[in-house]
Each structure stands twice: as structure tokens, then as C-alpha cells.
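Chemist: Please assemble the complex out of the two chains, which come individually in their own frames, going by the hints.
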Amino acid sequence: MMADAVKTLETVEAINWNRIQDDKDVEVWNRLTSNFWLPEKVPLSNDIQSWATLTEDEKVLTMRVFTGLTLLDTIQGTVGAVSLIPDSLTTHEEAVYTNIAFMESVHAKSYSSIFSTLANTKEIDDAFRWSQENANLQKKARIILDYYHGDDPLKKKVASTILESFLFYSGFYLPMYWSSRAKLTNTADLIRLIIRDEAVHGYYIGYKYQRGLETQSAERQQELKDYTFELLFELYENEVQYTHDLYDSVGLAEDAKKFLHYNANKALMNLGYEGMFPSSVTDVNPAILSALSPNADENHDFFSGSGSSYVIGKAENTEDEDWDF
Amino acid sequence: MTSAVSESRPVGTADPQDPRPTDARLVYFSSASGYTHRFVTKLGFGEGETARLPLMTRDPTLLATRPFVLVVPTYGGGDGKGAVPKQVIKFLNVKANRDLLQGVIAGGNTNFYEAYCLAGDIISRKCGVPLMYRFELMGTPEDVTAVREGLEGFWA
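Protein chains in written order, with our numbering: chain E, 1 to 325; chain V, 326 to 481.
Isolated chain V (complex conformation) (with noise of 0.2 Å):
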């Protein structure tokens, strides 16, 4: 870890904005509602294995420092205007998080007709990597075994 923050910090810097290292495999934006928190806690992974990105924009961010995937919830659902959270841009705009950014799962509600799970259409695309996966809400039982062995597969 210790090494990992020197690396990735230019020399000489200790700004309070930034990122925080995190070397886990999964990735996740949940907002106060916390169905996203609820759904990555039902997949079962170890502690360390998962990390949950600040609920306020203003906070600083993480840094990956392993490839990792991405978890985040769709808010909007009008005319597809602020599909994905503050929070999760701010953490995408960091160019080393893209750079392992290996795919994305995205939550949503289908009553949002077309902008069902649009942030990780968003993801998907301006980051150029998979959108793995969708789940409405905190996902259903069969969400959560099919995105456990899904990743379990992916990453062995």
C-alpha cells in the first residue's frame, strides 16, 4: 500500500484533496438510499476486496492502484442529464483509475424507460471498457450469484 501511494503521488506533494490509495477489486458509488452499498455487501467479498467512493463530491477521491471494476447506481432518468453521480466522475477523471478500469456494472429501474442503468452505458463508453452487467435497485438473488461468479470467473 505504503509504496503504491508514493508511486503514484509526484514527489513533493501532500495536498489534502488527494486521492485516497485503495488496492481493491471492486469499486462502488452508493448514495444515502445505499441499495448499491446493499447489493456489493450481498456479493460477499472480503472487506478489503471492496471500497466505496465518498458520499460527498468534496471529499477526496480514491486511487486505484490494482485493476478494479466498477460498480455505481443511475440517478436521473429524464432526458439522461446527470445519469452519473458527481462522485463517480470526479473518481473517472483521475486518468491512473481509467487506465485499470477494467469493466463497469451499473444499477438502475427499468421504469426509467430508456435511461435504465444509463450511467454505465456512459461508462462503457467514454472509458472504453465493458458494461458487464445490470441490476435494478439492490438486486435480486439471481443478480448477486450471477455477479459473484461473474467477477470470481473474470478475475481468476
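With the rest of the complex left out, here is chain E (with noise of 0.2 Å):
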């Protein structure tokens, strides 16, 4: 892998941090570095007593959705963002995917800790076994290292991208669902750090496929747009019967494909192209929007109300060393 790195970089080349080549490069390394966190720091202990009121079908979905996310974690940490380092433009990018890669190593292990603390061993490796054995599941999985082992380096991020802002969400449903419920919510709480993680790594490497999308032919950039929605269609269709698989057992597999269509429209956009599903399917269940984002389900449009009154908004957060007035 090193060996490669050097080779498209052509000379062997230390970071130097004091001249950049692409300010996003650094503004994403702050923003991730700034953001890092471990499961230790999440008091998932008090999740226990709300576990033991899940019925036993409820029980083995988590434990399954958990699963399903580990091995996605799993792949992207030590396979699919360290596949994208040989592409790299700048010394800086490279770091960015290395430290990508650590954070989902972080990820997965982070599912560990919730086995740990709300299961037994047998429920673990069940749960395992599961995650090896269904067939949609390890569908997607294959579908993604196929592209990793390509030689593309632009659908690479593709699939990446997709991994990132897409694949996740038939598994993140869950613990939004959960916390609507108001339970699991520590669980909840480590999720969304991971959720808040993905946006980062999503919202990056489309970012560099859109810069790497700009220096080619009008030809290859139509090819490539094709290849983007074809992938993103064949995942989706893969993705519709895991999620059935997890969630015809309690009833929520409709309400799980919206937000489905929702996240893959956003990583259509992290790609720089228009989402493909119509808002006639992607009306998430307020209760789970409100649980990703609790401003998310605030009438905060202006142009609709009374005119009477309106919103002014409430964030006690500035930094009022930039602001002079």
C-alpha cells in the first residue's frame, strides 16, 4: 500500500501542514479531529433496564442492526478508505483517510461495546453468525470490495460515498427509532456521534470525486454520472430486501425505506448530483427526524406562517472572539 502511495505521488514527499493544496483538506482534518470520541465516554450502562423491556424479536433485530453496521465499519476502516490513499492528489488527503479509516475502526468496535454491555455471548455470536449468513447483507458487502479492489480511482469514491451516506441507514433507522421511544437512548447517543462522523467522511470524499470529476472528458463524466445512479440502484434494490429481512418481524420495513430514499438522495448530493426519489417517498417519519436532528422537525419556514410571528433562533453557541459588535 505505501509502496503505491509513493509511486502516484512520484517522489517520495514528507506532509508539510505549512503549505496546503486544497484548504478543505485542512478545514476536514480540524473538523474530524475535532469531533473524535470513544464508546468509553458513553454511559451505555444505563441502557441496560430499557434492553430488558425490548421483547425478544426486538432484541434480535438490535443485535442484528448492530451487526450489519459492524461489518460495514469493519470494511470501510480497514479496506475501503484505506483504498483511497493511493489515489490521493496532496500529502493532505491522505492523512485525511487515514485518520477516516481509524474513526471507523473506532465505529466497529464501538458495537462492540453495546453487545457487551446489553448482551450475553450466545446473543453475540448469534448475531454474528446472522450477519455472515444472510444473503442481502453480505450482497452489499461484496458489491462494495469489488469496486475497492478496482482500479478506478473516481468509482472508488462512488462506492464509498454510497457506503457512507447511504448503506449505513437501513441500520441507523433502529436507535432513532428507539430513541423516539425514548429507549436505548445512550445507545443513541454513540450512534449519532457515528452519524455525525459518516456526514463528514460522505460530504469529503464527494467532495474530491467532484474535484476529480471536473478534469475529465464530457464523455467519461457522463459514464461515470451512469455508473453512479446504476450502483446506487443496484445497492438499493439489495438494500429494500435486507431491510425487510430485518424489519418485516416488527412491522417497520415501510417506514425504514423512507428513510432509505432520504439518505440516498443526501449521498447523491454529497456526489454532487440531484437525489433521484421523489418527496412523495421520502417523508421520514417526523418522530425519526426528530430523533437524528431536533431542530430537523421545527417549522422554521418563514415564507409559509402568520407573518405574525417567527423564529428567532435560540443557539447559545458563538464565538465571540471573531464577532466585534
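Since the hints were made in silico from the structure, they are not lab data.
Because the structure is a prediction, the values reported are computed rather than measured.
Take these hints with a grain of salt, some might be off.
Claimed, not checked - Taking lysine-lysine and the DSSO-like style, the derived pairs with C-alpha atoms no more than 30 Å apart in a straight line are:
| no. | chain 1 | residue 1 | chain 2 | residue 2 |
| --- | --- | --- | --- | --- |
| 1 | V | Lys367 | E | Lys258 |
| 2 | E | Lys59 | E | Lys225 |
| 3 | E | Lys155 | V | Lys367 |
| 4 | E | Lys41 | V | Lys367 |
| 5 | E | Lys257 | E | Lys155 |
| 6 | E | Lys155 | E | Lys258 |
| 7 | E | Lys257 | V | Lys367 |
| 8 | V | Lys406 | E | Lys109 |
Modeler: The following block contains the structure:
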């Protein structure tokens, strides 16, 4: 891997953070490092009582969802983000990918923290066995891995962005659902840290894809766009099956699918494309959206309001040292 | 335009850092990733009606010469620090700009929990103007319609 990286950069280059080619590298590095966290900081054991209130079906579902997420984070940490390093245009971009790879390994490990807090060894082993035997989960892992092992730098970035911004969300739906029901709320807090990280990862890899795309011919740009939509659709069809595998037992598949559509559109936007799902199928359950972001559900549409009252932001966090007034 | 410049600039100064006047009704910031630029472009206003703040903080900022609405993306997403881009802070540190600010529209990503569109909340509170609308990334077609029609009605 190192040898490849050196070859791409032509000469062996020491990273110089005082000479920057792309400001986004520094901006994203700073954001990622300031967002750093470890699962030990989240009081997961406060969820033990809540876990005991779940039915057996709900417990099995939750374990399966988290093993599925563990599998994706494992891929992204040890293969995905690492496979992007040789294609980097700057040494700083390489450094950002090493950060992303490490955080994906933190994410993968944090599911094990959840498991060991809530479940016994047999339940954990059963869930991991299910993740190896579920055809749709294995298929999505295989599709993504094929691109990571391929030799097209831009297609790798498309696959990676789709993983970061779309493939996780069939799983992320469930802790947001539990949170909206005031269950497993500490686990949800941990998942929200992962969701936050994945947004920065998808944003950055998608940004690098768009910078690379600009340098391509019109024909190649069209080919990559077609490829992106085809890959997303292939993964989407598989994801629908996987969502039914998981959620049919508790009757949540249709609700979860809206969350998939919503996030598929955001994955496309991270790659610079307009969404492909119409608003009629991206109407995420407000309770789920509110668990994801408490502000998202508030009506801030000043324009359609009565006009007599409007919301003044209530944010407390400001950087007063930067403001003169 | 020319008269606006001479009125708003103190006599006898020609500092290259002096804000550049603009009579746009929609002022926005968008970083190199360009999501907010894409959103504003989709609104379909005429060329002179929108103005983009300079990408580099060191470059002179803009000076509004008529009432305007500000569109900003949200940075950060952790503890809320750094949510408002530095380029926007520089622009709002000019009192004349704050005086003409009518409202703020914020971009963001719901993945950032309470920090979703936080830049809009901060500017709304600090400047005492309404947070008019929130959108994600480059905005959906519904967002574009709501903001275009909303602004047209607001300015009518």
C-alpha cells in the first residue's frame, strides 16, 4: 500500500501542513480531529434497564442491525478508506483518509461495546453468525469490496460515498426509532456520534470525487454519472430486501424505507448530483427525523407562516472572539 | 452604485480592504464544495440580484447597499464552535451590513444533530433577524420552490 502511494505521488514527499494545495483538506482534518470520541465516553450501561423492556424479536433485530453496521464499518476501516489513499492528490488528503480509516475502526469497536453491555455471549455469537449468513448483507459487502479492489479512483470514491451516506442508514434507522420511543437513549447518543462522522466522511470523499470529475472529458463525466446511478440503484434494490429481512418481524420495513430514500438522495448530493427519489417517498417519519436532529422537525418556514410571528434562533454557542459587535 | 460607494465610505480612504459595494438582494457564502452556490443558482434570480462572499477571508468583503437576505452553510457540527464560516463573520462585522440584513436562510445536514443549520440560529440571534428557512446540502426541488416564492413574496 505504501509503495503504491509513493508511486502515485512520484517522489517521496514529507507532509508539509504549512503549504496547502486544497483548503478543504485542512478544514476537514480539523473538523474530524475536533469531533474525535471513544465509546468509553458514552454511559451505555444506563441502557441495561431499557434493553430489558424489549421483546425477544426486538432484541434479535437490534443485535442484527448492529452486526450489519459492524460489518460495514469493518470494511470501511480496513479496506475502503485505506484503498483511497493511493489515489490521493495531496499528502494532506492521504492524512485525512488515515483519520477516516481509524475512526471507522472506532465505530466498529463501539458496536462491540454496545453488545457486551447489553447482551450475553450466545446472543452476540448468534448475531454475528446471522451477519455471515444473510445473503443481502453479504451481497452489499461484496459489491462495495469489488469496487475497492478495482482500479478506477473515481468509481472507488463513488462506492465509498454511497457506503458512508446511504448503506449505513437501514441500520441507523433502528436506534433513532428506539430513541424516539425513549428507549436505548445512550446507545442512540453513541450512534449519533457515528452518524455525525459519516456525514463528514461522505462530504469529503464526495467533494474529492467532484474535484476529480471536473478534470474528466464530457464522455467520461457522463459515464461516471450513469455508473453512479446504476450502482446506487443496484445497492438500493438489495437494501430494500435487507430492510425487509430485518424489519418485517416488527412491522417497520415501510417506515425504514422512507429513511433509505431520504438518505439515498443525500448520498447523491454529496456526489454533486440531484436526488433520484421524489418527495412523495422521502417523507421520513417526523419522530425519526426529530431523533436525528431535534431542529429538523421544527417549522422554520418563515415564508409560509402567518407572518405575525417568527422564530429567532435560540442557539447559545457563539465564538464571541470573532465578532466585533 | 457609484453614489452608494461614496456615501458609505468615509471620506479620503481607499484601503484595498474596503468592502466592495453590492446592491444584491440575496448575499450568500459558499465554500469550494459549492453546495450553497448550487442552491442559490437553482433559485433562478438574475445575475445582479445575488452576490457571493469572497472565498478567502483575507479578501475584502462585501458592503450591502440595500436590504438583503443572507444564505449561509453551517460548518462544524461538534460542540457548535466554528458553525458560522469566518467569511460570513467578517461580512457581518460591518455594521452597515447588519443594518440592512432582513433575514437568514441556512444550509446544513441533519446528521449534525443539534448543530443542524446552527449558523442560521446564531446569526438570527446575534442580529435579531428571522431564520427564514433551513435546507440540507444543495436543497431539494421543494426547498427551491419554497424559498424562491417566499423571497418573491417577501420582497414584493
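Chemist: Confirm or reject each hint.
Modeler: Results for each hint:
no.	hint	in the structure
1	V:Lys367 to E:Lys258	holds, 25 Å
2	E:Lys59 to E:Lys225	violated, 40 Å
3	E:Lys155 to V:Lys367	holds, 27 Å
4	E:Lys41 to V:Lys367	violated, 43 Å
5	E:Lys257 to E:Lys155	holds, 25 Å
6	E:Lys155 to E:Lys258	holds, 26 Å
7	E:Lys257 to V:Lys367	holds, 28 Å
8	V:Lys406 to E:Lys109	holds, 28 Å
Hint compliance for this structure: hints 2, 4 are not met, and every other hint is.
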